[in-house]
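Undergrad: Assemble the complex: chain A is given as a structure, and chain B must be docked to it using the hints.
Protein chains: 2
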Amino acid sequence: MHAHIVHAHPEPTSYNGALTRAARESLSDRGCSVTVSDLHQMDFDPVEREVHYAERFDGNAFAALAEQRHAWEKGTLSKEVQDEIGKLQRADLVILQFPLWWHGPPAILKGWMDRVFVNGGLYTSRMRYDTGYFRGKRALISVTTGAPRDAFGPGSRGGDFDTMLWPLQYSLHYMGFSVLPPFVSYGVQGHGYRYEDEESLRRRLGQNLSDWRSHLSALECVTPIGFPVWEDWDDKGRSIRS
Amino acid sequence: MHAHIVHAHPEPTSYNGALTRAARESLSDRGCSVTVSDLHQMDFDPVEREVHYAERFDGNAFAALAEQRHAWEKGTLSKEVQDEIGKLQRADLVILQFPLWWHGPPAILKGWMDRVFVNGGLYTSRMRYDTGYFRGKRALISVTTGAPRDAFGPGSRGGDFDTMLWPLQYSLHYMGFSVLPPFVSYGVQGHGYRYEDEESLRRRLGQNLSDWRSHLSALECVTPIGFPVWEDWDDKGRSIRS
Chain A
1 MHAHIVHAHP EPTSYNGALT RAARESLSDR GCSVTVSDLH QMDFDPVERE VHYAERFDGN
61 AFAALAEQRH AWEKGTLSKE VQDEIGKLQR ADLVILQFPL WWHGPPAILK GWMDRVFVNG
121 GLYTSRMRYD TGYFRGKRAL ISVTTGAPRD AFGPGSRGGD FDTMLWPLQY SLHYMGFSVL
181 PPFVSYGVQG HGYRYEDEES LRRRLGQNLS DWRSHLSALE CVTPIGFPVW EDWDDKGRSI
241 RS
Chain B
1 MHAHIVHAHP EPTSYNGALT RAARESLSDR GCSVTVSDLH QMDFDPVERE VHYAERFDGN
61 AFAALAEQRH AWEKGTLSKE VQDEIGKLQR ADLVILQFPL WWHGPPAILK GWMDRVFVNG
121 GLYTSRMRYD TGYFRGKRAL ISVTTGAPRD AFGPGSRGGD FDTMLWPLQY SLHYMGFSVL
181 PPFVSYGVQG HGYRYEDEES LRRRLGQNLS DWRSHLSALE CVTPIGFPVW EDWDDKGRSI
241 RS
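So the protein lines, in turn, are chains A and B.
Under the working numbering, residues 1 to 242 are what the first sequence spells out, in order.
Under the working numbering, residues 1 to 242 are what the second sequence spells out, in order.
Only chain A is shown next, with the shape it has when bound in the complex:
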């Protein structure tokens, strides 16, 4: 089994860093091979823009999807995008590790999707959802929050994770991944933003790291999220279930 972790946090010594290291160790210990894309360390550019396309489909107007399709067909995708695609192709499990910023992933991870999920290559109008390119592979979000667990849920102050992560998880579903329920580490504050004293924080988050390792060791037993698929829609894409 090969796992690939896409890591999106600017500080290596952060708790996100600890979660990625724990995942790498836990998966390696059980015989998996593991690769990591540390987007900040790679200086990954999250902005879809002209400079990424050496041979333009249309040099007069920049339409990202048309350029992606053209570059895929001509084999002229940028090296960093090609490398990321290669890592995803080799992976059976993809983990996205990030802190919750403004109720979603940091821009560097959002832009990783904008650039790496290449139109015409990794998806087409027919190759999506349960017919998606990455079908048979699993994806798992591991996210940290600043606020404590109590603050999350429908109508609660921090919001509900099903809604909050829907755009990201449905996009993974769009690409064909079976999306496992997220692993959420609550109450993780950066330096100077602690709700509790350091010892308590270490004790609690140490327990959370153990929970994360345990979670990873039992993924086979986890049922993916039940997003709608082609048989749930008519030919215009309307739900035939509601």
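Honestly, the hints are just simulated from the structure, not real lab data.
Just so you know, not all the hints are guaranteed correct.
[Claimed, not checked] Chain A regions said to be covered by chain B (calculated; three or more residues, Cβ under 8 Å):
hint, segment
1, 61-68
2, 162-168
3, 232-240
Yeah, the Cβ is synthetic: ideal placement off N, Cα and C, and Gly gets one too.
TA: Showing chain B alone in chain A's frame:
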């Protein structure tokens, strides 16, 4: 009335460009002053990283929120962030104009939020939601989709906009904005991605531009989205309505 448009599309001749130009004209014609932040043209960096903080709070470990608070207090925020904050402070209405990429805003706009909504200055634990910094101001999302209208709705292929835009709209609510229902332009395809012939596209999207102008001329009559506020939560942030 002053309106500020945050525009996030890489191609000036795109339909997103036409929508921003229409908004600027429509609002100006009725006596409003209008400013535009064209994030691509500004080469806005959406990545929160060390280089943006000249005087570090902690030079050993980069915690974005701590650095933001420190830079706000010391007056050392980067010029591009200070400029964006100034534009928001002057605005009565903020419009976010963008194409729907992976069920949300392009990374350049997500990162505008990551960097510009500065911790300790524009929000604190007590200055959020209905006590937020930008209370009294309105925010409006104008978004374009590739897929036609039929494909959107609960359980439908493209997803439901209430869910899809929740992270973005709730973040605006967090900052104190009254969030108006989004204006969605459906079936907008980039060059080479047209569902219909050019004349039909021009006719239909021309109508949509008129609808957009009409919509902007009647914003006073639009009721903001009813997100939960402080009185809906207990002291731990749990909903007391459900």
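Undergrad: Each hint should be assessed against the structure and marked as holding or not.
TA: Outcome of the hint check:
1. 61-68: holds (count 6)
2. 162-168: holds (count 5)
3. 232-240: Since three or more residues must qualify, the claim that chain B covers the segment 232-240 of chain A holds, with 6 doing so at under 8 Å.
Against the hints set out earlier in the document, no violation occurs for any number.
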